[in-house]
Amino acid sequence: MEEEALQFVTYYEKQLEIAKRFIVIRKSKKVSQQRLSVLSGVSYASIRRFEKTGDISLASLVKLALALQLYDDLDNLFKNHLTYKSIEEIINDQKD
1014 MEEEALQFVT
1024 YYEKQLEIAK
1034 RFIVIRKSKK
1044 VSQQRLSVLS
1054 GVSYASIRRF
1064 EKTGDISLAS
1074 LVKLALALQL
1084 YDDLDNLFKN
1094 HLTYKSIEEI
1104 INDQKD
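FYI, in the numbering used here the residues of the sequence shown are 1014 to 1109.
Treat the hints as calculated values from the structure; they're not laboratory data.
Misleading hints may appear alongside valid ones.
As the list claims (entries may be wrong) - Only pairs whose alpha carbons sit at most 25 Å apart, straight line, appear in this in silico BS3-like list of lysine-lysine: (1) Lys1098 with Lys1076; (2) Lys1040 with Lys1027; (3) Lys1076 with Lys1043; (4) Lys1076 with Lys1042; (5) Lys1098 with Lys1108; (6) Lys1043 with Lys1092; (7) Lys1092 with Lys1027; (8) Lys1065 with Lys1076; (9) Lys1076 with Lys1027; (10) Lys1108 with Lys1092; (11) Lys1098 with Lys1033; (12) Lys1065 with Lys1043; (13) Lys1027 with Lys1042; (14) Lys1040 with Lys1076; (15) Lys1098 with Lys1040; (16) Lys1043 with Lys1033; (17) Lys1033 with Lys1108; (18) Lys1108 with Lys1076; (19) Lys1065 with Lys1042.
Model the full structure from these sequences, guided by the hints.
Okay, structure coming up:
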């Protein structure tokens, strides 16, 4: 069986990837950076910086996502991906 090489991604690469995805979504919804600033309450400068560098606070990112109605994306962020093998595992997990 062939082994897959480990892939390491820096936080900066991941930030840029998220910012690029965000730009595609914003543009597909035909919302300008200026309009998004008004809708979200996030400054225009912060939106520009985010889309250029990927740098943004969590609070501002949530505001932007809500302004673009990306509710499912927020709900699925860090969602528990555990799969249980038995009802006992579910019960034990709920106790913790």
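Verification of the hints:
Distance hint between Lys1098 and Lys1076 is unfulfilled; the C-alpha atoms sit about 37 Å from each other, more than 25 Å. For a cut-off of 25 Å, the pair hint linking Lys1040 to Lys1027 stands: about 20 Å separates their Cα positions. Taking the CA atoms of Lys1076 and Lys1043, the gap is about 18 Å. The hint holds against a cut of 25 Å. Of the pairs offered as hints, the one joining Lys1076 and Lys1042 holds, with about 16 Å between alpha carbons and a cut-off of 25 Å not exceeded.
For the given pair, Lys1098 sits about 17 Å from Lys1108 by alpha-carbon distance, which is consistent with the 25 Å threshold. Between the alpha carbons of Lys1043 and Lys1092 the distance comes to roughly 29 Å, so the proposed pair goes past 25 Å and is violated. Proximity of Lys1092 to Lys1027 is assessed by CA-CA distance (about 18 Å); at most 25 Å being required, the pair is judged to hold. With a C-alpha separation of about 18 Å, the suggested pairing of Lys1065 with Lys1076 holds against the 25 Å cut-off.
Our distance criterion of 25 Å between C-alpha atoms is met by Lys1076 and Lys1027, whose separation comes to about 20 Å. A hinted pair counts as satisfied when its Cα atoms are at most 25 Å apart, and Lys1108 with Lys1092 qualifies at roughly 18 Å. At roughly 38 Å between alpha-carbon atoms, Lys1098 and Lys1033 are farther apart than 25 Å, so this suggested pair is violated. Proximity of Lys1065 to Lys1043 is assessed by CA-CA distance (about 18 Å); at most 25 Å being required, the pair is judged to hold.
Distance hint between Lys1027 and Lys1042 is fulfilled; the C-alpha atoms sit about 23 Å from each other, no more than 25 Å. Straight-line distance between C-alpha atoms of Lys1040 and Lys1076 comes to about 17 Å, which keeps the hinted pair within the 25 Å bound. Straight-line distance between C-alpha atoms of Lys1098 and Lys1040 comes to about 43 Å, which puts the hinted pair past the 25 Å bound. Annotation: proposed proximity of Lys1043 to Lys1033 holds, straight-line Cα distance about 15 Å (limit 25 Å).
Distance hint between Lys1033 and Lys1108 is unfulfilled; the C-alpha atoms sit about 40 Å from each other, more than 25 Å. Distance hint between Lys1108 and Lys1076 is unfulfilled; the C-alpha atoms sit about 33 Å from each other, more than 25 Å. For a cut-off of 25 Å, the pair hint linking Lys1065 to Lys1042 stands: about 19 Å separates their Cα positions.
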